[in-house]
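Hints given; two lone chains; assemble the complex.
Sequence lines, in order, name chains A and B.
Counting from 28, one number per residue, gives the positions in the first sequence under the numbering used here.
Counting from 244, one number per residue, gives the positions in the second sequence under the numbering used here.
It is worth saying that the hints were derived from the structure and are not from the lab.
In this text, all values refer to a predicted model and were calculated from it rather than measured experimentally.
Do not rely on the hints blindly, as some may be mistaken.
[What the hints assert, rightly or not] Each computed DMTMM-like pair below joins lysine to aspartate or glutamate, with the alpha-carbon atoms no more than 20 Å apart:
1) Lys-300/B <-> Asp-314/B
2) Lys-299/B <-> Glu-284/B
3) Lys-302/B <-> Asp-335/B
4) Lys-313/B <-> Glu-258/B
5) Lys-98/A <-> Glu-122/A
6) Lys-340/B <-> Glu-86/A
7) Lys-299/B <-> Asp-310/B
8) Lys-340/B <-> Glu-79/A
9) Lys-340/B <-> Glu-106/A
10) Lys-84/A <-> Glu-284/B
11) Lys-36/A <-> Glu-284/B
12) Lys-340/B <-> Asp-83/A
13) Lys-340/B <-> Glu-122/A
14) Lys-36/A <-> Glu-281/B
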Amino acid sequence: NAGVTQTPKFQVLKTGQSMTLQCAQDMNHNSMYWYRQDPGMGLRLIYYSASEGTTDKGEVPNGYNVSRLNKREFSLRLESAAPSQTSVYFCASSEIRMVSNQPQHFGDGTRLSIL
Amino acid sequence: TQLLEQSPQFLSIQEGENLTVYCNSSSVFSSLQWYRQEPGEGPVLLVTVVTGGEVKKLKRLTFQFGDARKDSSLHITAAQPGDTGLYLCAGDPNDYKLSFGAGTTVTVRA
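Just chain B, same shape as in the assembly (with noise of 0.2 Å):
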């Protein structure tokens, strides 16, 4: 059982389309990570989120903590090709090891 569950598992759309991720989890975080795996690579950080309600932008995509601090979510605006990829949560259930998702494939088709 993954501490963190994401849906949907795969996601594909059309270029200029919106999309939204979740994460979601039982356990409360004091923090949690989104990562972007694209093929043959290793995930890089797009942003972490600390605060309960918090949203922060990240150019088109926007993400949200909530207020309870057990869920996430990413949302992408008007998605472009160059979004594909792995999308991976990642938290620290405060034993300072850190906890991925299984990841949401995104594919947006041009």
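Only chain A is shown next, with the shape it has when bound in the complex (with noise of 0.2 Å):
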């Protein structure tokens, strides 16, 4: 069982650069989100899209951009990395958007550092 697959673990890019961090979840979820992951911060909600058609901003959303392509993959694209852009990134997806009860399911992560 695949669950969520992110694509790529590792990436280092130079400031300024741009780049596409890809996810897909085979469960047939609804809901899918973009987290990242910072030392003593956990973890921040960055976008996330409650159903297939539809994104919304979370907690920490400039500098970055997202595409819910179809239910399966959702997609978070940095236009002009910045160093403080350096983290790890977590995809997740849940059945529903009501969170009360519903676990989330993660990918394993992307590791970015930004020159």
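The structure is reproduced here in structure tokens:
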């Protein structure tokens, strides 16, 4: 069972470069999320997609854009990378948007370094 | 400021000892979730507590939800090296987005 698959696993960028992080889930979940994880700060929500065709900002959306390509795929784009965006990025999915009682299933993360 | 405060931030104990991790907030939550994250992997859900005062057991792990639904604790009995990891609590303060605590890093030495 693949669950949530993220690519790439590691990436090094130079300041100002752009890139897209890919995420796909095979659990037929309606909702998908992008988080960043930094030391001492836990997981912070960047963007989420409650259902196919919708996206909304989370806690820290500045500098990022997202696309819900279809029900399975949710990508995160950095248009002009900055050193402050060095982090570990996690994609997650859940069956429905109502988070109470709904477990989120996470990928293994993308470790992104921006020089 | 974190909506959910976890303590301690780090915990290192010997195999066989007991430990407790705390998750506190000034907000009321309809439910709280506990996740464990191992190095190089994403968080994995351990349990969801829903009712104030609820106690759930998962083998040697005991989870408690406070009566006022503002706090939770995780107690591990006779810890083993396999319990090593980052423990995260998470809750939805009624805005349909999950908020995570910063986590407690637990190291169990053999």
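Hints and how they fare:
With a C-alpha separation of about 17 Å, the suggested pair Lys-300/B and Asp-314/B falls inside the 20 Å cut-off, and the hint holds. For the suggested pair Lys-299/B and Glu-284/B, the alpha carbons sit about 25 Å apart, so the restraint of at most 20 Å is broken. Restraint check for Lys-302/B and Asp-335/B: not satisfied, since their Cα atoms lie roughly 26 Å apart, outside the 20 Å limit. Restraint check for Lys-313/B and Glu-258/B: not satisfied, since their Cα atoms lie roughly 31 Å apart, outside the 20 Å limit.
Restraint check: the Cα-Cα separation between Lys-98/A and Glu-122/A comes to about 11 Å, which is no more than 20 Å; the hinted pair holds. Pair hint Lys-340/B plus Glu-86/A holds up; C-alpha atoms about 9 Å apart against a cutoff of 20 Å. Between Lys-299/B and Asp-310/B, the direct Cα distance comes to roughly 14 Å. Compliance with the 20 Å bound is thereby established for this hinted pair. Distance hint between Lys-340/B and Glu-79/A is fulfilled; the C-alpha atoms sit about 17 Å from each other, no more than 20 Å.
Of the pairs offered as hints, the one joining Lys-340/B and Glu-106/A is violated, with about 25 Å between alpha carbons and a cut-off of 20 Å exceeded. Straight-line distance between C-alpha atoms of Lys-84/A and Glu-284/B comes to about 25 Å, which puts the hinted pair past the 20 Å bound. Distance hint between Lys-36/A and Glu-284/B is fulfilled; the C-alpha atoms sit about 11 Å from each other, no more than 20 Å. Proposed proximity of Lys-340/B and Asp-83/A is supported: the alpha carbons are some 11 Å apart, at most 20 Å.
Between Lys-340/B and Glu-122/A the CA atoms are separated by roughly 14 Å; this keeps the pair inside 20 Å, and the hint holds. In summary, the hint linking Lys-36/A to Glu-281/B is supported, as the alpha carbons are separated by about 16 Å, within the 20 Å threshold.
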